[in-house]
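Colleague: As they're listed, the protein sequences go chains A and B.
Under the working numbering, the first sequence is numbered contiguously, ending at residue 345.
Under the working numbering, the second sequence is numbered contiguously, ending at residue 286.
The hints are simulated quantities; they were obtained by calculation from the structure and are not laboratory data.
Quantities reported herein were computed from a predicted structural model and do not represent experimental measurements.
Wrong hints could be hidden among the right ones.
Claimed, not checked - Okay, derived cross-link-like pairs now, DSSO-like style, lysine-lysine, Cα gap no bigger than 27 Å in a straight line:
| # | chain 1 | residue 1 | chain 2 | residue 2 |
| --- | --- | --- | --- | --- |
| 1 | B | K200 | B | K171 |
| 2 | B | K171 | A | K220 |
| 3 | B | K172 | B | K244 |
| 4 | B | K172 | B | K209 |
| 5 | B | K200 | A | K220 |
| 6 | B | K244 | B | K209 |
| 7 | A | K220 | B | K172 |
| 8 | B | K244 | B | K227 |
| 9 | A | K318 | A | K268 |
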Amino acid sequence: MTTTTPTATADAELPRLRLDTPPLLVLPILALLALPLVGSFPTWVTLTVAGLAMGMMIFIMASGLTLVFGLMDVLNFGHGAFVSVGAFTATLVLLPMQGWMQADSVLLNLSALGLAIALAMLVTGALGWAFERIIVMPVYGQHLKQILITMGGMIVAEQMIHVVWGPDQIPLPLPTSFRGVILVGDAAVEKYRLIAVAVGLVVFAAMFLVLNRTKVGLLIRAGVENGEMVEALGYRIRRLFVGVFVAGSALAGLGGVLWGLYKETLTATMGGDIMVLVFIVIIIGGLGSVGGCFIGALLVALVANYTGFLAPKIALVSNILLMVAILLWRPQGLYPVAKR
Amino acid sequence: MSEPMLALAGVHTHIGQYHILQGVDLVVPRGELTVLLGRNGAGKTTTLRTIMGLWHASRGALLFDGNDVTRAATPDISCAGIAYVPENMGIFSDLTVRENLLLAARAGEPDTARLEWIFGFFPALKKFWNQAAGTLSGGQKQMLAIARAIVEPRKLLLVDEPTKGLAPAIIQSLITAFRELKAMETTILLVEQNFSFVKSLGDTVAVMDDGRIVHSGRMDELAEDRELQQKLLGLSLDTHQ
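Isolated chain A (complex conformation) (with noise of 0.2 Å):
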């Protein structure tokens, strides 16, 4: 093996890689045009922290969605199912633990919950292996088929939700700890809030780490970007979409739960109801971005909490608007990912 001197083009300088930071001043340049409108610092406060755990809620239910459209452009209408499964699957652990539930113990609150939690994503892992291989897989590259039959499963799995769980609400109370608000100055905070973003700031933080840290994230990252030379390369893009499929169908599982006990109350359309805004969120953030999908989610849920104080009547179309001036800005999203 011999070497070769270097050629002065291949070797010239590369500008260094800026990390793109503007969509990310967006959400503190949102949030302090908000303060002055608001008016009081204490509602303000209580809106933002509001904004962002429903936004890390929304990231949650999101983030399997978004990898799925860009890991192999499939367009899953039916991803609102397994929120609702998810959030109805907690209740068998959670309504005959009412007792744990209830308890003032931190440790059995979460003990059951922890529970509810694990069982959820297990049966909403399974269900979504089970949605791929029967009603995604037939329709690959088949849009308009995919928006119709995935519709199709989501309606079919509301069915079963009344079949199994009745057709009236469920009311999913939150757990004891979890009740109540924290003082910070004169702004009171949800504790259930707090301890949402805590959790989606977790499972952004795996999923970052899984991303970029883990040869199956580099394979994941890659096959958003190129999934035909990911193949070329040796691997089975098939089989890694079907593990993201399962995986983002157990955090849509966990995202039904976290979201059940925001409103404490359950019906079997609660996942169809929040997938406007999962898809105004994939949308806005870059279809197949996760960063995207994280800073869109958080943007969607600010806004509609800072607009349903100040503005109630513009509210329901302030998430449209919303993505009207982003693609305005940047007709990619946020985060666009680079595609061949």
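For chain A, the structure is supplied; the task is to place chain B on it using the hints.
Modeller: Below, chain B alone, put in the same frame as chain A:
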């Protein structure tokens, strides 16, 4: 004569309603560099993609190292020992140079000695080891794409138009790399339109037109026969240079 590394017999490929390959017969001898020439749209890229299983042959047979891979899936073809450098290079822009090579090293971490050998003719890759591949120049991306294909020994290397749009200095690096690979008796199937680049590298040559092989033979014979060049390629060697 030893068994060829790759043999295509009467291969037809359809893409949608289009009949692209119309009975391709091609032999890639073991340990040699075979050049596939032809005008735009002749079917060269489709031939490589069909070999890789990215598009399946609708008729005909593909034999790789004595095994029928006509209906094999792309990952199986890759694992059998074929490395592929597509025309668009197919590098992962969001991943670093290191991560791109890490994915190509199926055994785990890339072998250090082999990496140093690659850095010998592609030193920019060492310099930008932890740089996102998307920030590399076109030539550096091509180096990375080839490095990724050879980071582990492979039986056959498929390379699609590596010199397209590159500066002469970068092309010189590629020539050096291919010479090194030839010295190690790596079998290579190289698709090119730049005749001056391949005339000194190629051992055998095949010329495609309208989805068929219209000529195959030794490269030195084609390089010396200007009439044949004129007939097959439409241009004489002088105008290519």
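Colleague: Hint by hint, say whether it matches the structure.
Modeller: Against the structure, the hints:
no., hint, result
1, B/K200 / B/K171, "holds (25 Å)"
2, B/K171 / A/K220, "holds (21 Å)"
3, B/K172 / B/K244, "violated (31 Å)"
4, B/K172 / B/K209, "holds (23 Å)"
5, B/K200 / A/K220, "holds (25 Å)"
6, B/K244 / B/K209, "holds (16 Å)"
7, A/K220 / B/K172, "holds (23 Å)"
8, B/K244 / B/K227, "holds (14 Å)"
9, A/K318 / A/K268, "holds (21 Å)"
Violated hint: 3 only; the structure is consistent with all others.
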